[in-house]
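S.K.: So the sequence lines, in the order shown, correspond to chains A and B. Read in order, the letters of the first sequence are residues 1 to 345 in our numbering. Read in order, the letters of the second sequence are residues 346 to 604 in our numbering.
It should be emphasised that the hints constitute simulated quantities derived from the structure, not laboratory data. This structure is a prediction, so every number in the text was calculated from the model and none was measured. All C-beta atoms in this analysis are idealised placements derived from N, C-alpha and C, irrespective of residue type, glycine included. You may find that some hints are simply not true.
[Stated by the list, open to error] Derived Cβ-Cβ restraints for the label pairs, each shown as a range: (1) B:G399 to A:F278: 50 to 58 Å; (2) B:S548 to A:E253: 21 to 29 Å; (3) A:E231 to B:P542: 42 to 50 Å; (4) A:L236 to B:P542: 29 to 37 Å; (5) B:S518 to A:G223: 46 to 54 Å; (6) B:G399 to A:G266: 19 to 27 Å.
[Said to hold, decoys possible] Listed next, the in silico DSS-like pairs over lysine-lysine satisfying Cα-Cα at most 25 Å (straight line): (7) A:K7 to B:K563; (8) A:K87 to B:K444; (9) A:K225 to B:K356; (10) B:K426 to A:K225; (11) A:K7 to B:K356; (12) B:K469 to A:K99; (13) A:K10 to B:K356; (14) B:K356 to A:K325; (15) B:K497 to A:K225; (16) B:K560 to B:K521; (17) B:K444 to A:K251; (18) A:K251 to A:K269; (19) A:K251 to B:K469; (20) B:K521 to B:K426; (21) B:K400 to B:K563; (22) A:K10 to B:K521; (23) B:K560 to A:K7; (24) A:K262 to A:K314; (25) B:K521 to A:K87; (26) B:K444 to B:K400; (27) B:K444 to B:K426; (28) B:K469 to A:K87.
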Amino acid sequence: MELPITKPSKVSYADELDFSKLLEKLSKDRHNGFIRVTHGSEEGYILFKEGRQVAASYDRFLKADAVEKIKYAMGESDSLIEVFDLKLSQIDYLTDINKPYLIDSHSDVYNMIDELKKSGIELKSEPEPVSEPEPVSEPEPVSEPEPVSEPEPVSEPEPVSEPEPVSEPEPVSEPEPVSEPEPVSEPEPVSEPEPVSEPEVKKVVNSELEEPVDRSELMKKYGLKDVEEEEVENILESYKGGVLSSSDIEKIELTLMNKIKKSVLGIPKIKGTEVMVFLDNARELTGTINMIVEYESMGFFSRIMGNPMENLRKQIINITEIEIKKSFREYPEIVENFEINVEIH
Amino acid sequence: MTRVISVASGKGGVGKTTIAANLGVALATYGEETVVLDADIAMANLELILGMEGKSVTLHDVLSGNALIDDAIYEGPSGVKVVPAGISLEGLRKVKLEKLEEVLERLIEDTDILLIDAPAGLEKDALAAIAAADEMILITTPEVPSISDALKTKIVANKLGVNIIGVVINRESHDKTFLTDNEVETILEVPVISVIPEDPEVSRAAAFGEPIVVKNPKSPTSNAIMKLGADLIGEEYQPIEPDKKGVISKLIEGLLGRR
């Protein structure tokens with residue numbers, strides 16, 4: 001199957017995890033993604049859409065047979081299983097390009113059955129046995145269109161009620177043809193029909209797979225997006241911010257100096273002030289602001305009231321910080337990068 | 346005229362520094378006056394790959410205004426000139442990126458090719474390194490996250506007016522699960538100019554502090570990088586075939602006194 005391999009969200013050897021539980025969990029979590037099972041040189045995949053198994057391949061096997069083979073491979077302790085997560089939009093695309101592997105859609109599984117019927121093989125005999133509730137016993141029950149699940153019905157939504165093979169949980173999205181009322185009987189028979197006939201069909205299908213070359217399809221397949229113009233602008237904006245030229249720095253210093261001076265002179269009883277701003281354009285813009293403030297002599301009452309100079313100093317620092325924040329509206333935290341020294345005479 | 350080429354990737358850990366270092370050595374072998382500048386001032390390791398760690402004056406010192414660029418240029422393997430970034434993080438905050446331009450002006454004076462090993466990501470330092478160059482070689486591995494970041498880098502570089510020479514696919518491993526060369530080329534819309542195979546010899550060479558093109562010139566990686574270097578300057582490159590003699594035949598020859 002054509003699937004985008006990225007970093008798996010889970011990796012484990014078969015003997016370290018319970019495969020049916022994993023399937024159950026993926027179903028319960030309405031997982032979007034796929035699992036890859038590697039046994040020796042053979043690889044198998046099951047694609048999940050919202051927890052439902054929608055497509056499968058294993059070596060040269062497809063669909064339900066592939067699921068069966070995967071289950072079998074999971075019985076070998078040295079098989080490796082990896083779980084990959086995808087976005088729902090990617091799944092839609094992947095089901096589209098992997099049509100030959102779809103186990104879900106009415107079409108294939110039933111077609112296979114039809115083929116078998118047509119070829120007049122074993123189907124006849126089986127029909128009834130269906131009744132058995134415990135499929136588990138044999139390794140064969142496999143072929144059921146049922147996705148996974150042997151023992152655990154879990155993977156299927158309401159397995160009990162429908163023995164349905166294909167059984168969709170609540171496939172709102174899928175136009176599931178599930179409609180078949182009788183299928184109950186079918187599923188079973190299939191179990192026997194051993195693969196013999198299948199392989200050929202699969203090979204043919206395999207050869208039909210074509211690799212998408214169109215860029216937009218590839219982007220969809222791998223869940224990639226072009227960068228928006230706005231994002232590029234933002235990135236470049238931060239870059240420009242980091243490389244202020246010396247003349248820019250001088251302009252900022254001058255502007256900041258005038259603004260601070262004007263504000264400080266607005267404080268009553270301030271006779272005059274000198275403000276010096278020194279910016280350092282290292283990796284982050286930092287700065288030092290030195291101020292000398294001339295204050296009218298304090299009255300007798302103010303002196304008694306404690307430390308008026310300290311209060312004034314705080315007020316001037318406050319005003320200065322407000323001016324810095326106003327000057328760097330987009331980045332007010334920059335105020336932390338400034339050292340403010342005030343000397344009052 | 347000096348060519349200033351940045352080697353950038355977007356994602357870290359794709360082998361950018363290894364390729365920049367070896368490409369620099371390759372170009373120097375062809376007789377080009379080549380300087381490799383490690384602009385990754387936060388995660389410098391060009392000097393480790395070239396076995397030149399511990400230099401007293403580095404780009405750090407130059408960008409902090411504590412040294413002159415001339416004192417930070419060292420001669421490396423095959424005559425390639427190297428400006429190490431300096432591994433210490435001390436003084437990183439003092440670094441003035443705008444000084445980079447000044448540094449480059451001096452570096453290109455007697456140089457044919459200046460390779461800038463750009464930091465990963467698209468932070469200010471990475472952008473400064475990309476913007477400082479006229480051309481760019483994009484490095485990626487054939488995996489989705491790496492391609493995704495390379496795509497961003499390419500778009501930003503285009504916006505900065507940098508000419509992208511092409512993409513180098515590193516650590517190619519004919520695994521059908523990775524993106525094919527064609528897919529990479531289609532997605533990035535940039536020609537694939539070199540495909541470097543996954544090669545354990547690379548880590549081995551790095552462990553010895555030697556560039557692989559010197560330590561193991563017959564390796565597929567060395568051949569790919571030498572070819573890339575030759576293509577950049579319009580030279581012909583004849584790949585060096587690996588020894589075909591098996592260990593046993595070499596042993597027998599040794600025992601018989603033949604070499």
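S.K.: Of the numbered hints stated earlier in the document, which are not met by this structure?
M.R.: 1, 2, 3, 5, 6, 7, 8, 10, 12, 14, 16, 18, 20, 21, 23, 28
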